[in-house]
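Work out the full structure, taking the sequences as your base and the hints as a guide.
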Amino acid sequence: MNAYLPHSDQDRAQMLAAVGATSVDDLFAALPESLRVAGLALPPGLTEAETRDHLQLLADENKLWGHSSFVGAGFYRHHVPAAVRAMIGRSEFATSYTPYQAEVSQGTLAHIFEFQTAVCELTGLDVANASLWDGPSAAAEAAFLALRATGRDRIALSGALHPETNQVISTYAAGPGFSITPLPVDETSGQTPPPLSGPPSDTGVVVLQQPNFFGVVEDTAAWAKAAHQAGALLVVVQNPVTLGVLEAPGVLGADIAVGDVQPLGNGLNFGGPSAGYMACRGSLLRQLPGRLVGRTVDAEGRTCYTLTLQAREQHIRRAKATSNICSNQALNALAATVYLALLGPVGLRELGSLCLQRAHALQERLEALPGVTAAFSGPFFHEFTLRLPFPANEFRRRLREQGVDPGIPLGRWFLEKDRELLVAVTEVNSPTGLDRYVEAAGRALTEGVAA
Amino acid sequence: MTPGLNEPHASRPAADEACLEPVRRGIDPLVFEQSRPGHRGLDLPPAGVPEAPLPRLLPGVALRAQPPRLPELSEPEVVRHYTRLSHLNHSVDLGIYPLGSCTMKHNPKLNDELAALPGFAELHPYQEEDEVQGMLRLMWELEQALCEITGMLRVSLQPSAGAHGELVGILMIRAFHRRNGDAQRDTILVPDSAHGTNLASATLGGYKIVELPSSDRGLIDVTRLRQSLNERTAGLMLTNPNTLGLFEEDICRITSLVHQAGGLVYYDGANLNAILGRCRPGDMGLDVVHLNLHKTFSTPHGGGGPGAGPVAVGPALEPFLPLPLVQQRAGAFRLDDDRPLSIGRVKGFYGNIAVAVRAYAYILRMGGEGLRQASGDAVLNANYLRTRLHHLYHVPFDRTCMHEFVAAALKQKARGVLARDIAKRVLDFGMHAPTVYFPLIVPEALMIEPTESESLESLDAFVEVMRRVDAESIEAPEVVREAPHSTPVRRPDETRAARRPVLRWEPDIA
Ligand SMILES: Cc1ncc(COP(=O)(O)O)c(C=O)c1O
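For the protein sequence lines, the chains are A and B, in the order given.
Going by the working numbering, the residue at position 27 of the first sequence is 27; the numbering climbs one at a time, nothing skipped.
Count along the second sequence from 1, then add 451; that gives the number in the working numbering.
It is worth saying that the hints were derived from the structure and are not from the lab.
Bear in mind the structure is a predicted one, so any value in this text is a computation, not a measurement.
Heads up, the beta-carbon is just placed ideally off N, CA and C, and yes, glycines get one too.
Honestly, I wouldn't trust all of these hints.
With the Cβ distance kept under 8 Å, some of the chain B side facing chain A (calculated, not the full set) [said to hold, decoys possible]:
#, residue
1, Ser611
2, Ile814
3, Ala874
Here it is, written out as structure tokens:
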């Protein structure tokens, strides 16, 4: 008996008779004897209740910070509305697949079309795809797109990209053997200043993060100019939550915008799944990776939606496809779409502003504590880097003991930045939560520089 | 006709007029078209801190001049819109979904509940390791189970989907050859029955492709393979059972030939559901395997993701796995990124973890014996459909199949009805269609994978529909050619969609 398998033994016997086999094992006759195994060394199956208990125990071993966490660095703790969860939980969305048969997939096709529209609106660019695997892999795909478009093979990466984005692009680039040029960060402002002479002349793409890994807002427009002067395209990796407040990358001259929609209605889930978004100028459309949904009419003239321009994709183009992507992150893109529909344009601006105001308020109060300084002078959004009088790991330890997870020490990625802490603030960090942080930090700092 | 089977509209002309009216309206206006100024579906608290004007907080920063035109709607309006959209979808929870190569099996409801436990769902990926021991243990135990199932040595959970796993495998093969001073190996061999992602992933990884024609038994032609192997061969990518649903009987000879030539063998695990608990890729001599948790391990397909494509390796490729790996020492778990030969990362953080939690729950629930039973039933179901349909639909490689089989609608084509038309007609009966026109080596392909989740009654109902569509192809081919008749929309104009692409809503396109 197995609750997931409908057949009774009688059903199986009847079907075997129809097939002309005497046992299920007979059906595996094509497997060479030497390869056959009698079974797997896995424990016997559990009941539903037992499985639940087992996983509950594992879940209980993990610490939940709730709204006392100030850790961001790519994945942010925002409120996920109940309506978002309810909509992505609908089994008509969750238990269907890629909308190959448009007639029975209009629900999925329509919400992807809405997602594409929302991404275009956010980024100020002409076309957007149905989603990619996540922000970092979308950045790698964007760099490749730009190299196809420019016919060059050098990628320039801002030194203020998320280190994991940098690593993903580098890993992808190893395949075709593309070269990578790092663009240094100004240690005072925390920004990536466009070099006066522009990036190296064989550069096909410049990749910039907005706000950057240290929380600092970069000058997209200046970089667009510098990249274009060098004959390169500009890719901006932007947190979409900022786009009600910050000018759209497309308006500022970026050619491609990518990022992760996790902050828009997608939970943390220990880092995944979320979805990558990608938008670009219309002139790059044929080079775009991933699924695209288009509006059309049906045999009776009714407006409807269908997968389109599939000649870019692996199932048609095979080795010559613009990407290998097949399954993407449709349900996570839906979460973002529902989230944006609930929030609206005013809500998005208010949300961005709320996170920003609270982040600035916290930063100002922390900076007033003895020995604490802002690591960078450049403008920041809702995340900032502090420089502490002793190692940030020790600071984090002391604050965790007081019930606050204060941010992520940058020594994890940059050995020389062992006193720097990256702090993220969102709408879930309440004013009392900020007070608690400041008080805990005050105590931690007066404990002295013991380590 | 089987009782309970949905009668399509076309056969019930009397009901047509009454039923079609609501359907004719097609689909609801988009969320953007329903927008009404001042509506709001989510409220935010006041800042509660001293505020300053944005230009003062963001000196020199370009602030948004034109707000994005996002919809303005209240929660009931949003919920109603998406609920109504959802009703336009077919899904596994509604009916059979025999989409070959996609393993549309039942998605257990328990798994969703467990993945949503706050102890998993609310973890930040950068929490300290001592706070996420339960999570890391789950990842470790899932890895151990996948190693046992595949017979491989280690697993990375990082790739987001099958194709992402393929890219990882290809990049590891590349790193392996470079490490051995074998950089001249620049070619990957791929059978002509392969899924498109195999070729695209190998190209993305910097390789040239040589396609291997299949033998007249639908398998890898060992002679052709031997002729194609040389000092430029980096590896072979294969799928077993292959996309025809046939087991590569010479698999051991194939892997040893490739190894003798200095290449490695990649296993596309999309079809692992056929062999769970029956045989293992590791025992076949394969060097690297990807698994689709969203196929074999029952996680929902989400309308096109999220899935997960963990990659399992043998000893040759273990040093090259992506960063980080979960390690266990003295009962404690940690994330190890001190692996100098690693290819690096292909994704932020550690993988689609909420998908991994579901797969883990599925494996626990099934146990070793249950997984073996699942592959048995999947193979039985496919053979049952094959034997009940092969008189009506030509099956080019008509012998015992594994979890799926591929028919060719050649008889029907001679009557003016294509595989595409058959697929559309199946939709009229409340079922999803088989995969069509894949694999490419079968003309008018109908690729049918019922999975183990379908009951005998459900399979019989599908047989009945396929019978009826075949009969219609003789008696009333236009009914099939013009199908579907009962779906919310009928035959979107794809040519128009591609010639004049409208890829986003704008206020004036309505
Ligand atoms: C045989 C085969 N290989 C690879 C893939 C790619 O898997 P994914 O869509 O998870 O990237 C598929 C998916 O349909 C497949 O059927």
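Handout entry: Evaluation of the interface hint that places Ser611/B against chain A, nearest CB under 8 Å
Key = holds (4 Å)
Handout entry: When the least beta-carbon distance from Ile814/B to chain A is tested against 8 Å, hint result
Key = Given a least distance of 7 Å, the restraint on Ile814/B holds.
Exercise for the section: Using 8 Å as the Cβ threshold, decide whether Ala874/B counts as touching chain A. Expected result: holds (7 Å)
Violation of the numbered hints given earlier is absent; every hint is satisfied by the structure.
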